[in-house]
Amino acid sequence: MKHICIIGGTGMLAEVSKWYADNNHLVSVIARNEEKMNRMKDSCSKPENIKAIYLDYRDATDLHNALRKSIEVYGPLTEAVVWLHSDGLHALSTVFEWIEEKSNVWQVIGSQANAEHLKKQYYPEKDLEHKIIQLGFVRENDRQRWLTNVEIADGVIRSILAGQSYSLVGEISS
2 MKHICIIGGT
12 GMLAEVSKWY
22 ADNNHLVSVI
32 ARNEEKMNRM
42 KDSCSKPENI
52 KAIYLDYRDA
62 TDLHNALRKS
72 IEVYGPLTEA
82 VVWLHSDGLH
92 ALSTVFEWIE
102 EKSNVWQVIG
112 SQANAEHLKK
122 QYYPEKDLEH
132 KIIQLGFVRE
142 NDRQRWLTNV
152 EIADGVIRSI
162 LAGQSYSLVG
172 EISS
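Using this note's numbering, read the sequence shown as starting at 2 and increasing by one per residue.
Hints may be right or wrong, so weigh each one.
Here are the simulated SDA-like cross-link-like pairs (lysine to any residue), alpha carbons at most 20 Å apart as the crow flies [what the hints assert, rightly or not]:
#, residue 1, residue 2
1, Lys120, Gln165
2, Lys3, Arg33
3, Lys70, Ser87
4, Lys37, Pro48
5, Lys103, Lys121
6, Lys103, Ser87
7, Lys42, Gly9
No lab work stands behind these hints: they were computed from the structure.
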């Protein structure tokens with residue numbers, strides 16, 4: 002049983018959290034909103050595999066302590082999926098610090114983010130796979146629209162299963 006850390010796992014990545022839990026992994030989900038966490042767990046077929054961690058990931062000390070405690074209780078972190086806002090990108094360094102070597106860290110980024118720049122700026126100091134999943138938009142009836150949470154989760158899961166260092170969900174403007 003893998004121990005997975007997900008930041009952003011009650012919002013647009015809720016289906017990703019449930020997918021891991023339903024596939025018999027322990028999932029430490031970092032979230033600020035208890036109501037959203039409960040709603041996500043209530044719709045999961047194996048809610049006992051979801052381990053709630055309530056904090057603001059932008060607080061480096063709280064995140065550091067929470068990951069340490071989660072590892073003490075549930076074992077080493079072997080994978081992470083993170084959706085970080087631009088003012089919380091420093092949390093990636095904390096995830097890199099606590100995750101096991103040879104593990105995958107999947108960073109979900111928005112359409113305007115520069116994937117190459119992020120990989121250079123936030124480079125793990127140990128042997129990890131820092132993989133990028135970039136979210137774009139969908140063209141429908143000659144219009145562009147943002148991806149739905151279901152489309153995002155499906156794309157993230159497909160990207161994880163494919164294992165590529167960079168994946169694009171939808172499309173982005175050139």
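Exercise for the section: With a cut-off of 20 Å on the C-alpha distance, tell me whether Lys103 and Ser87 pass. Expected result: violated, 26 Å
Problem - Hinted pair Lys42 and Gly9, Cα distance within 20 Å - result: holds, 14 Å
Practice task
Would you mind confirming whether the straight-line C-alpha gap from Lys37 to Pro48 stays at or under 20 Å?
Solution key: holds, 13 Å
Practice task
Please work out if Lys120 and Gln165 have their alpha carbons no farther apart than 20 Å.
Solution key: holds, 14 Å
Handout entry: Pair hint Lys103 and Lys121, alpha-carbon separation not exceeding 20 Å
Key = Cα-Cα ~18 Å, so holds.
Practice task
Mind checking the alpha carbons of Lys3 and Arg33 for me, to see if they're no more than 20 Å apart?
Solution key: Outside the cut-off at roughly 23 Å; violated.
Problem - Pair hint outcome, Lys70 versus Ser87 [Cα-Cα no greater than 20 Å] - result: violated, 26 Å
Comparing the model with each numbered hint stated earlier shows that hints 2, 3 and 6 do not hold.
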